[in-house]
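If you want the building blocks of each chain, they are given just below.
Number of protein chains: 2
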Amino acid sequence: MTAEQARADERLTTVGLLFESTTGLGRIFEPQLSADSGLSRQSFDVLVRLARTPEHRLRMSELASQTSLTPSGLTRSVDRLEESGMVSRESCPDDRRGAFAVLSERGRVVMDDAIPLHIAHIDEVLDGVLTPSEERTLSSLLRKIRDHVHTVEQPGGPGD
Amino acid sequence: MTAEQARADERLTTVGLLFESTTGLGRIFEPQLSADSGLSRQSFDVLVRLARTPEHRLRMSELASQTSLTPSGLTRSVDRLEESGMVSRESCPDDRRGAFAVLSERGRVVMDDAIPLHIAHIDEVLDGVLTPSEERTLSSLLRKIRDHVHTVEQPGGPGD
DNA sequence: AGGCTATAGTTGTTTGTACAAACAAATACC
DNA sequence: GGTATTTGTTTGTACAAACAACTATAGCCT
Numbered sequence: 190m191t192a193e194q195a196r197a198d199e200r201l202t203t204v205g206l207l208f209e210s211t212t213g214l215g216r217i218f219e220p221q222l223s224a225d226s227g228l229s230r231q232s233f234d235v236l237v238r239l240a241r242t243p244e245h246r247l248r249m250s251e252l253a254s255q256t257s258l259t260p261s262g263l264t265r266s267v268d269r270l271e272e273s274g275m276v277s278r279e280s281c282p283d284d285r286r287g288a289f290a291v292l293s294e295r296g297r298v299v300m301d302d303a304i305p306l307h308i309a310h311i312d313e314v315l316d317g318v319l320t321p322s323e324e325r326t327l328s329s330l331l332r333k334i335r336d337h338v339h340t341v342e343q344p345g346g347p348g349d
Numbered sequence: 190m191t192a193e194q195a196r197a198d199e200r201l202t203t204v205g206l207l208f209e210s211t212t213g214l215g216r217i218f219e220p221q222l223s224a225d226s227g228l229s230r231q232s233f234d235v236l237v238r239l240a241r242t243p244e245h246r247l248r249m250s251e252l253a254s255q256t257s258l259t260p261s262g263l264t265r266s267v268d269r270l271e272e273s274g275m276v277s278r279e280s281c282p283d284d285r286r287g288a289f290a291v292l293s294e295r296g297r298v299v300m301d302d303a304i305p306l307h308i309a310h311i312d313e314v315l316d317g318v319l320t321p322s323e324e325r326t327l328s329s330l331l332r333k334i335r336d337h338v339h340t341v342e343q344p345g346g347p348g349d
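In order, the protein sequences belong to chains B and E. Under my numbering, think of the first position of the first sequence as 190, with each following residue one higher. Under my numbering, think of the first position of the second sequence as 190, with each following residue one higher.
Note that these hints are calculated values from the structure, not bench results. Wrong hints could be hidden among the right ones.
Identical chains share a label here; the pair holds if one copy fits it or two copies do between them.
Claimed, not checked - Quick list of in silico lysine to any residue cross-link-like pairs, SDA-like style, CA-CA up to 25 Å: (1) K333 / P220; (2) K333 / Q221; (3) K333 / E272; (4) K333 / Q255; (5) K333 / I308; (6) K333 / V237; (7) K333 / G287; (8) K333 / R238; (9) K333 / L201; (10) K333 / G274.
Build out the structure end to end from the sequences listed, making use of the hints.
Now the structure itself:
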């Protein structure tokens, strides 16, 4: 085997580990999130973005791109959140095609509870797995990959 | 903010990066895989396990755990692969409840083509993002997380 | 042997997701 | 100012995923 092939194979393995780790963590976090707060990971993700936004409101398209959801996926997701009373839609005065997703009072209350619980759970699950220094290293390596992925997906777009 | 809270928040960020990187890579790889070989990432994943196994055969339950699929998910996945002629089921002589999924000749041919193409694509996408040393570091850190995740999910189970 | 529990795998049903088409409003162009 | 194109969002449809209930076989304990 040539050196190029060996390197390529290692990359395959690394990518495999990335997928395995992520899906595994998802399977651990999701049930707890659901038990703690009755939220799916995706709903949580949508609500976090809204909770972290100054006016607790974002345009649908903004929210879709921030959450890695397709436009239709976000529509359906916000439909569900609206049904459960945690989000409402408001029309956009500047652009009558547009809609805002707005975190409701109930949504805010739910998230005030859910966010610290979720953080604590992540913390608990990952405690002692990596040293603090390793954690920083991992974070910085992943950031490089994430940024690269974004440039591949949206050539010309800014990072974050 | 206390030191504990800061560390927990960093972990949240790291987990977020893990999810973002993975879903981003998935969105890059999947269409190419589909274009090159007509396979979903999941089918590919199932077929790779079979291709890498000495007799090109694995028990359904083995395959399910290796691919992070639920038993029912694997049943359906193998159903589809069987329909497209790449896998067949064989009953297990030692345990009549059990079934093997076996890579067919056609499956083998498809994978002989698909694997190098996929590896080349991964290689191309990730080229130059990390240094070789960083790649090894990332791989080893992810392996720790993956192994930990497995112990949390199946307490008492072996690693790999 | 007889019966209890556990394991392997499949299937019913419900829910989620994506793609593409539809629709509405805004923008561009002449 | 009127038509064509683009953009923001939703909806129709098809497909895939998870959970739980089910079937069949195995293993155990007496």
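Note to self: Flag every earlier hint the structure violates by its number, smallest first.
What the structure shows: Hint check: 3, 7 and 10 fail, others pass.
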